[in-house]
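Given chain B's structure and the hints, the job is docking chains A and D onto it.
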Amino acid sequence: MYTKQSLRQEMIRAVQQVKQINPLAGSITNSVTINLVANAQLAAGGSAAMVYLPDEGEFLAGAGQATYINVGTLLPVYAETLPLTAKTLHENKKPWVLDPVAIGIGSLRTELLLTFKHYKPTIIRGNASEIIALAGLWALSGGTEVSRVRGVDSTDEVLAAQEAAIHLARFSGGAVAVSGETDLITDGKQVITSFGGSHFFEKITGAGCALAGVMAVYATAATPLVAALLGSAAFNLAGKRAEAKSNGPGSFQTNFLDELYLASPEDIADNPYEMEEIE
Amino acid sequence: MYTKQSLRQEMIRAVQQVKQINPLAGSITNSVTINLVANAQLAAGGSAAMVYLPDEGEFLAGAGQATYINVGTLLPVYAETLPLTAKTLHENKKPWVLDPVAIGIGSLRTELLLTFKHYKPTIIRGNASEIIALAGLWALSGGTEVSRVRGVDSTDEVLAAQEAAIHLARFSGGAVAVSGETDLITDGKQVITSFGGSHFFEKITGAGCALAGVMAVYATAATPLVAALLGSAAFNLAGKRAEAKSNGPGSFQTNFLDELYLASPEDIADNPYEMEEIE
Amino acid sequence: MYTKQSLRQEMIRAVQQVKQINPLAGSITNSVTINLVANAQLAAGGSAAMVYLPDEGEFLAGAGQATYINVGTLLPVYAETLPLTAKTLHENKKPWVLDPVAIGIGSLRTELLLTFKHYKPTIIRGNASEIIALAGLWALSGGTEVSRVRGVDSTDEVLAAQEAAIHLARFSGGAVAVSGETDLITDGKQVITSFGGSHFFEKITGAGCALAGVMAVYATAATPLVAALLGSAAFNLAGKRAEAKSNGPGSFQTNFLDELYLASPEDIADNPYEMEEIE
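Residue numbers (my numbering), protein chains in the order written: chain B, 51 to 329; chain A, 51 to 329; chain D, 51 to 329.
No lab work stands behind these hints, which were simulated from the structure alone. A hint or two may mislead.
Identical copies go unnamed one by one, so any copy, or any two together, can satisfy a pair.
To be verified - Restricting the straight-line Cα-Cα distance to at most 27 angstroms, the calculated cross-link-like pairs of lysine-lysine (DSS-like) are: (1) Lys69 to Lys143; (2) Lys239 to Lys170; (3) Lys144 to Lys167; (4) Lys144 to Lys253; (5) Lys295 to Lys144; (6) Lys69 to Lys295; (7) Lys290 to Lys54; (8) Lys143 to Lys170; (9) Lys69 to Lys54.
Only chain B is shown next, with the shape it has when bound in the complex (with noise of 0.2 angstroms):
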């Protein structure tokens, strides 16, 4: 269990450590989002790498120190191209961050879906409808079967989703964060809620993306539910910051990808947060 003062010491220590070395966290993502998961990977201090074919995705599990895969725009060749990929990682004991975007549309989406079970996610995030959709294609407590999923936005609330996160944390035995106007992040005995961020998050695509891509960098560096954490933070930290400074969603992302880059840890470590243990 952590508390709020050795929370502090691991965050700082592990932005501190992927700004010195600027860990790999390949990706396997969808084509619309895929620039600025890559840019805020780097801007957090991290290093990119995205690619589509099996054994690209299977050398990529090997060789970066954390993988982020995103079922947004699949492929055909995902087909094989993700199972191999997940599996590798598990079978490797690697990080890695599922974001089940879109949950819900169409079959490979789902085949997909369910054979991640097997390979347990360090740390899922989603917006709470794709959580709990997830948690009910997993069968565990707190899921629905249908999410009330539309496109890629958030439809539910985030505490509706906090049953679902925890049960699907516990079965995977990493982390899972629910993105919303507040972000809650749970490794099933503590759940965390993140403050900050900005409107804008909602008028630019691909926050949640990159959120998810940033939390592999830091996977590389930390704990599951710390890892999580530090990404919720650092986005709510420089949203918030570059919402300050912006006219509309445009120069927001500009100013967004600069404000991630100039985030101190200690910045990152004191963005307000809440936490409470549960059961």
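Just chains A and D now, with coordinates in the frame of chain B:
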């Protein structure tokens, strides 16, 4: 037939509705500009979702309030995805926007564009050369067999495409928008010319794609003619305002998204245009 | 052999020609940075078009004045598209630029890069480790079998790649550009070192890809050596100017595109470089 007064009312109402409801306009679009399309759709007030696979296209065609199909950067799977999606849209009487970008390059693109003739796009948007070439491919008056297509740049003049645009609109029962220094929009009965914009639209990639994506957003709330005019008016207004604040194409793209987001329903409705009846 | 004087004249003439004619440099390139490649090509004065399919690559190879092939994010269809496109370029004596990004990852990439040896790229651009690895793959002097590739970051020093670059250039009869803190460009007879740039090039994704895409634009109007030098000079100039105005990588990318667009032919020709003859 719209009068300037009835048109203004409709435009304001439709933009208000979009900003309030955030309708989903799914896309199957090229990977070069996919991010800008999504960000422009969000800035205009819509929601975005992009897919590649056949059953996902079919799903989006049903779940979305409108759909945008752009035939740039075709993938092999599009041979299945695009006809199925267009067929579903047609059968469900859902509005959809076609962007025949790069018409004339490659056999699959030609085959797909021939197929789309059966599924009558609600709005067709292209540069002059693309509109002329599509009318030619569909054996309609005003078209020529071969476009002077060069990449995706406009090489014909907008006015030269007026006849092709009118006949395409009469055939489809929808609207056609020809993009250029001034934009021409027609439903086969009225021809509207929309003014404004920026020379920087030629110096960034994807202004036309994003415009068509935003027309799909407006098509969820308005007739084809009004939706196409709204797209052009919003882009011409935001482009003009953005240019005044920009040093080059980088800052222009940033400022353009800001201005698209900030444009009020009245601003958009009052952007200068001329209208004439035909026949 | 160029003198500094003849080189300056050639550089100015070529940039003027590009800005006047807007030559088409088609690309088959990775989806992470495809948007930045196109925007950089437009900012430099060229036209852009990107494709995936075999007959479209073949078409572009014939229709474009130059072509850029980047082997990042390979798709299955590239097994057909890339050899056919490179073959067409070679047979039509059209200039083309190869970016061997991520060399060493996956069997298809290795196979494609081996095939390209037959079609002698006009310009090869990469980081030091990629250039060394390509020379190794092609069994040329200065290469090693395995690159210390880590994602797409540069891990070797530019100078360490000089021998590999020279031998690649002598083999291809074109030019080779090694990107790094200073850029090294050679045609096997002269070695040029170009100065400037920005530390932010490492903090955004796609600076190298965009550079190679812009070299393809310049290759429509200049010899391989001059085209490669122009690309480096334009990027080093615009990068340096952009850095002075930027707070972080977000604003840097925006400012960089502005400065690339604003750079005059004389500005680019006068960006600092050193030149020496070899052998």
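Consistency of the hints with the structure:
For a Cα distance limit of 27 angstroms, the shortest separation of Lys69 from Lys143 inside one copy, 23 angstroms, qualifies, whereas the shortest one across copies, 46 angstroms, does not. Within a single copy, Lys239 and Lys170 get their C-alpha atoms as close as 17 angstroms, which meets the 27 angstroms cut-off; across copies the closest is 56 angstroms, which misses it. With identical chains, the CA atoms of Lys144 and Lys167 are at most 27 angstroms apart within one copy only, with a shortest distance of 16 angstroms there and 36 angstroms across copies. In this homomeric assembly, Lys144 and Lys253 come within 27 angstroms of each other (Cα to Cα) only across copies, at 25 angstroms, whereas the closest approach inside a single copy is 33 angstroms.
For a Cα distance limit of 27 angstroms, the shortest separation of Lys295 from Lys144 qualifies neither inside one copy, at 38 angstroms, nor across copies, at 40 angstroms. Taking the shortest alpha-carbon separations for Lys69 and Lys295, both the intra-copy value of 25 angstroms and the inter-copy value of 23 angstroms come in at or below 27 angstroms. In this homomeric assembly, Lys290 and Lys54 come within 27 angstroms of each other (Cα to Cα) only inside a single copy, at 22 angstroms, whereas the closest approach across copies is 43 angstroms. For a Cα distance limit of 27 angstroms, the shortest separation of Lys143 from Lys170 inside one copy, 10 angstroms, qualifies, whereas the shortest one across copies, 42 angstroms, does not.
For the identical chains of this complex, Lys69 and Lys54 are intra-copy neighbours only, at 22 angstroms inside a copy versus 41 angstroms across copies, given an alpha-carbon limit of 27 angstroms.
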